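Asks: Start from chain S and add chain Y according to the hints.
Chains as they are written, first to last, in my numbering: chain S, 1 to 114; chain Y, 1 to 108.
Simulated from the structure, these hints should not be mistaken for laboratory data. Warning: the hint list may mix true and false statements.
Unchecked claim - Chain S side only, calculated, beta carbon under 8 angstroms to chain Y, not exhaustive:
#	residue
1	Leu-41
2	Gly-63
3	Gly-106
Keep in mind that this is a model prediction, so the values were computed, not measured. From the three backbone atoms N, C-alpha and C, an ideal C-beta is built for every residue, glycine too.
Read off the chains here:
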Amino acid sequence: EAQVTQNPRYLITVTGKKLTVTCSQNMNHEYMSWYRQDPGLGLRQIYYSMNVEVTDKGDVPEGYKVSRKEKRNFPLILESPSPNQTSLYFCASSFETAGVDTQYFGPGTRLTVL
Amino acid sequence: QKEVEQNSGPLSVPEGAIASLNCTYSDRGSQSFFWYRQYSGKSPELIMSIYSNGDKEDGRFTAQLNKASQYVSLLIRDSQPSDSATYLCAIVAQKLVFGQGTRLTINP
Numbered sequence: 001e002a003q004v005t006q007n008p009r010y011l012i013t014v015t016g017k018k019l020t021v022t023c024s025q026n027m028n029h030e031y032m033s034w035y036r037q038d039p040g041l042g043l044r045q046i047y048y049s050m051n052v053e054v055t056d057k058g059d060v061p062e063g064y065k066v067s068r069k070e071k072r073n074f075p076l077i078l079e080s081p082s083p084n085q086t087s088l089y090f091c092a093s094s095f096e097t098a099g100v101d102t103q104y105f106g107p108g109t110r111l112t113v114l
Numbered sequence: 001q002k003e004v005e006q007n008s009g010p011l012s013v014p015e016g017a018i019a020s021l022n023c024t025y026s027d028r029g030s031q032s033f034f035w036y037r038q039y040s041g042k043s044p045e046l047i048m049s050i051y052s053n054g055d056k057e058d059g060r061f062t063a064q065l066n067k068a069s070q071y072v073s074l075l076i077r078d079s080q081p082s083d084s085a086t087y088l089c090a091i092v093a094q095k096l097v098f099g100q101g102t103r104l105t106i107n108p
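Okay, chain Y solo, but in the shape it has when bound:
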């Protein structure tokens, strides 16, 4: 089992809708959870971090963490074409490990 698993997509969402990205992890000792956004040909940039169970909101982005079920998700409300990118989930247990990323396309 991979340490961090994401559906590679592509995930296609109409403009204005909610995009939901999911990530599961295997190490129950994981303490820190991150979402990075990566535009095609560019470097990853951190958009959200979450450390405790529940929801964390930042503008149109909401990160959700459920340690009992070992998943972390990212919701993007009012999706815009500029949100089209690959979203990488990253988890810290013994070290920082990235998922393979989910490619998101927002259709105008």
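So that you can see chain S by itself, here it is in the shape it has in the complex:
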């Protein structure tokens, strides 16, 4: 089954404790991205990657890191989480650059930083 998977689905952590949210897709997609969704603000892009070893900042990259060592994986790293990073996070992938092709979203990761 074609899908985007994220882990964990739910995470409660404390300020400053490094965490990684994994994202994996099995569709051989070139383009992957991370979004956060907050009430009243919609989906905002954090980082995106157009191919292996190619990543770039989205609209709200501060406090986040990403890497793209393999085509299928695009982990999101929070080196020192803070409460303002409490949010719902989605990973998405598409065959071509987002907008030209359908984006497939993962199930979401609900993160709470205390």
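Replies: Frame of chain S; chain Y shown alone:
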């Protein structure tokens, strides 16, 4: 001015009626327009895409695009309770940008 604007709602529509969702955008160079549906606690799923002026129909859904007026809309005919969700408008100009979404409730 926000790049993509939607009325956050909630929009309440009786079952069987037409639900009308609207979206305006600021970048006249926008070329691609999408509507995503998002059920509570779930991820967005693409339901319609439109690229040229006019109407595009897919089952009970019709997307309408007017580039001169910079708006895109989604009509849902014969609304069902299962259509209750948040609908996200997304536009591509330099990049893909989402609106904040309109929460739609269909009342039986």
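Asks: Next step is simple, just say for each hint if it's right about the structure.
Replies: Here is how each hint holds up against the structure:
no.: 1; hint: Leu-41; in the structure: holds (6 angstroms)
no.: 2; hint: Gly-63; in the structure: violated (20 angstroms)
no.: 3; hint: Gly-106; in the structure: holds (6 angstroms)
Comparing the model with each numbered hint stated earlier shows that hint 2 is the single one that does not hold.
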